Amino acid sequence: MTIDEAKFILSAYRPTGSDTSDQTFCEALRMAKDDPSLGAWLAQSRAHDSAVAAKLAQVAPPAGLRDAILAGVRVSDSGRSSGLGWGWVASMAAAAALLVGVLWMRAPSSPDSGAATFGRFAINDMVTERHGGKGEPSAALVAELQATGSPMPGAGQIDFEKLRDTGCRTVTFAGHDVVEVCFNRDGSWFHLYVTRRDGPVGDSVARGPSYFKEAVGAAAVWSDKQFDYAVASTAGVDALRRLL
Amino acid sequence: MNNEAFAQLVDAHYAPLYRFALSLARNGSDAGDLVQQTFFIWATKGHGLREMAKAKSWLFTTLYREFLRGRRRDSRSSSLEDLPAGERDPAAEDVERVSRLDASVVMTALQSIDEIFRAPLTLFYLEDMSYQEIAAALGVPIGTVMSRLSRGKSQLRASLDRTEAAGGKVLPFPNSKKSSA
Numbered sequence: 001m002t003i004d005e006a007k008f009i010l011s012a013y014r015p016t017g018s019d020t021s022d023q024t025f026c027e028a029l030r031m032a033k034d035d036p037s038l039g040a041w042l043a044q045s046r047a048h049d050s051a052v053a054a055k056l057a058q059v060a061p062p063a064g065l066r067d068a069i070l071a072g073v074r075v076s077d078s079g080r081s082s083g084l085g086w087g088w089v090a091s092m093a094a095a096a097a098l099l100v101g102v103l104w105m106r107a108p109s110s111p112d113s114g115a116a117t118f119g120r121f122a123i124n125d126m127v128t129e130r131h132g133g134k135g136e137p138s139a140a141l142v143a144e145l146q147a148t149g150s151p152m153p154g155a156g157q158i159d160f161e162k163l164r165d166t167g168c169r170t171v172t173f174a175g176h177d178v179v180e181v182c183f184n185r186d187g188s189w190f191h192l193y194v195t196r197r198d199g200p201v202g203d204s205v206a207r208g209p210s211y212f213k214e215a216v217g218a219a220a221v222w223s224d225k226q227f228d229y230a231v232a233s234t235a236g237v238d239a240l241r242r243l244l
Numbered sequence: 001m002n003n004e005a006f007a008q009l010v011d012a013h014y015a016p017l018y019r020f021a022l023s024l025a026r027n028g029s030d031a032g033d034l035v036q037q038t039f040f041i042w043a044t045k046g047h048g049l050r051e052m053a054k055a056k057s058w059l060f061t062t063l064y065r066e067f068l069r070g071r072r073r074d075s076r077s078s079s080l081e082d083l084p085a086g087e088r089d090p091a092a093e094d095v096e097r098v099s100r101l102d103a104s105v106v107m108t109a110l111q112s113i114d115e116i117f118r119a120p121l122t123l124f125y126l127e128d129m130s131y132q133e134i135a136a137a138l139g140v141p142i143g144t145v146m147s148r149l150s151r152g153k154s155q156l157r158a159s160l161d162r163t164e165a166a167g168g169k170v171l172p173f174p175n176s177k178k179s180s181a
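As given, the protein sequences belong to chains R and Z, one line each in that order.
At position 181 of the first sequence the residue is numbered 181 (my numbering), and the sequence of numbers has no breaks.
At position 112 of the second sequence the residue is numbered 112 (my numbering), and the sequence of numbers has no breaks.
Each statement offered as a hint is correct.
Cut-off 25 Å, straight-line C-alpha distance, at most; resulting in silico cross-link-like pairs (DMTMM-like, lysine to aspartate or glutamate):
1) R:Lys7 <-> Z:Glu93
2) Z:Lys56 <-> R:Asp22
3) R:Lys162 <-> Z:Glu66
4) Z:Lys54 <-> Z:Glu127
5) R:Lys33 <-> Z:Asp128
6) R:Lys7 <-> Z:Asp161
Just a few of them, taken from the derived set where beta-carbon distance is under 8 Å, the chain Z residues facing chain R:
7) Ala7
8) Ala15
9) Asp33
10) Phe40
11) Ala43
12) Asp94
13) Ser104
14) Met107
15) Tyr125
16) Leu149
17) Ser150
Hints were generated in silico from the structure; no laboratory data involved.
Source: prediction; values computed, not measured.
Just so you know, even glycine gets a beta-carbon here, dropped at the ideal spot from N, CA and C.
For reference, chain R alone in the conformation it holds in the complex (with noise of 0.2 Å):
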């Protein structure tokens, strides 16, 4: 073995000290305790690896991922059928419900439809305030969602494929895209969310708005040939209501 065949394999030895017993590590080890300059590189190697692990250990998570991933998981799980076999599909309905505080303002057929699974999932993405997209969104749509009085796009007016690709925040819902546009109307954030018919949400969304109300803000959702559309905020409804 050479000393850069050692190098070669020592790069592999974990700084911690959990490889001592593997064996294919011995050779190497063996060469740098008898090779002074194998010996101090190993060390230089061991103490560098140390402190990138440990400045790397440091860096955080968001705050609000971890309820994020357990919200998220209790709407979708809701919103599919008893398939699953954890036996908490029907509890975690109920606990989704006392846990936001559910208000159905206009309730549709079924307190679990797709639609309602959909507004949960947009107020619930809205209160993670992970947004801010991969770039920048669309401009032309933005700016014609801000202006006063404007209605909410429908299918002529959405290229989904643009926005998903061109810097709109993408988020998934139950395994499918949804994009997410934020703007500001008349002093109020509003986030809204499209999706595709044949995604998630399915045929449950009537046409109409339906609103939904929950602890932290409220959601209005609609359907048009092509999309399922929710809209969140933490207005509340009046304000959803003005919007639409």
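Given chain R's structure and the hints, the job is docking chain Z onto it.
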């Protein structure tokens, strides 16, 4: 798996999964989405895993696959192994420099190296995974893992060199093509 057990699973793994996702996706929003998607897949499929001891490996593998599935593939994937590694042995001042830098700057330096080296390096540094565990998680041969660790560390040191030269601002690796991630 009941609600409480799922919450315990999330508590045990969401932070390291987020760091792994952040190193891959290079922005917090996408990293958060990747972590959420990974746990969603667990909720629909992974809970059937017979050995819970393998849950950690399953989660990291699934997140990595979701990342690969989500990003656009381009021609760089096949030629990355030929990229120069920026060979340079570690020196004492390297350790001091890392200790001085802010954690976010070190993470950004890690994010600046080529994606093919980033995934194994992150698992090595953040998860203390052995080369065998990394090979299993990423689905690559052991020798390839060793090669990527060796060359990735060299790239990271070079990136940290440039970070210091730029006064803490991370510059892109000169031989890297722009990632679509």
